[in-house]
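> Sequence:
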Amino acid sequence: MEASSSPALLREINSARVLSALRQHDALRLTEIGELTGLSRPTVAHAVEQLAKAGLAQYVEAEQGQMGRPARVVRFCRRAGYVLGIDIGPHKILAMLADLTGNVIARNRRDDDYARSGQEVLAAVRQTVTSLLRDADVARNQVWSVTVGTPGIVDTRTKSVTFAPSLPDWNQIRLAEVLKRSFSAPIQVENDVNLAVIAERWRGVATGVSTVVFIQWGARIGAGLVIGDRLHRGAGGMAGEIGYLSVLDGQGGVTPDESGMGPLESKVGAGAIIDAVGNRRRRGRRADRRSEELDAAAVFAAAREGDSAAAQAIDEVAARLARGLSALLLVLDPEMVVLGGGVSTAGQPLLAAIERHLEPLALARPALALSALGDEATALGAVRMALTDVESRLLPAMPANLSS
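Numbering-wise (the working numbering), the sequence shown opens with residue 612 and increments by one.
Since the hints were made in silico from the structure, they are not lab data. Incorrect hints may appear among the rest.
[To be verified] DSS-like mimics (lysine-lysine), calculated; alpha carbons at most 30 Å apart, straight line:
| hint | residue 1 | residue 2 |
| --- | --- | --- |
| 1 | Lys664 | Lys791 |
| 2 | Lys664 | Lys770 |
| 3 | Lys791 | Lys770 |
| 4 | Lys703 | Lys770 |
Construct the complete structure from the given sequences, taking the supplied hints into account.
Structure, rendered in structure tokens:
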């Protein structure tokens, strides 16, 4: 049944229904759109006409059958515009370009130590994006929305970073304001871990899960929270900063150490794993030199090869994380916890150790899973948020589900 409301709103709602149907099918006849939407054929035809004027739909001829001339069908113009997702980190920039269905058509990545100053980071971002658009043969004015993921605490009102210890002088830069010089499209700035949890719910292991905790676990640690299908940032954008939990060794306060690490992340980050191995090997009178040559990936590899010191170190750090994680579980009671970041590459043995240590600390244990998206989660979440922005402006009467 067609909605009853003001004519303008009615047309908008009908167009939204038609657009949603077109996105879910390769090509549809007008009668098929009517069956899917419950709209009359004249209403469908008018909605298609409006979408075609906006560049979002087009008539094409279907393949000819055995008899008669081919019928015209309608297709969604997925490349009428594009969205751009950018992940900025201290050692990596990853930019993804996607069409209006969320299909990533191009990506460009830069891995190096460019982050000697905030201005150098910005220069690296511009170079990465410029190369991406050039290689994809997409003009900047064809990009309809941009979302940038960044470490640290983001002020969503000013779209600037207020605290980011892993990037030099980053909190002195109004990120959205600076990037507006390169794009006419709206720009969103979001915490990188918040975007990662959005991506996991969109196309990762948490699809369809209502309450999710995503743990980004590498040199530092943080959490992204979705509660009741909504991203939870907190009153000041600080929700999920679990690296500053004081739950170990009687520590008090949230003051970072000399390297900017919070109390928990200094005990569970990649550096802590390496230190734990070194301590165990020294106690076992093994050569210090071998410990100095380790990085986290080498520790995981050694554990898989049967190195007891490496395996015990991983278990020790897993126990520490379980202590911190238990506080979140008791407060939020999530359905799922997803582990991402470099440390999560330790795989199922690490997951099993965390689960074992959590058992006596939580009343109910959620499902634990490893990220399905790896280190592309933040950039993919940025694509999803940019797409949501396009949806909200394109057809305000339509629920934000263009890419569901």
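> With a cut-off of 30 Å on the C-alpha distance, tell me whether Lys664 and Lys770 pass.
violated, 33 Å
> Hey, Lys664 versus Lys791, does the alpha-carbon distance stay inside 30 Å?
Distance of about 28 Å is within 30 Å: holds.
> Given the hinted pair Lys791 and Lys770, is their alpha-carbon gap at most 30 Å?
Distance of about 11 Å is within 30 Å: holds.
> Does Lys703 pair with Lys770 here, judged by a C-alpha cut-off of 30 Å?
holds, 21 Å
Checked against the numbered hints given earlier, this structure breaks only hint 2.
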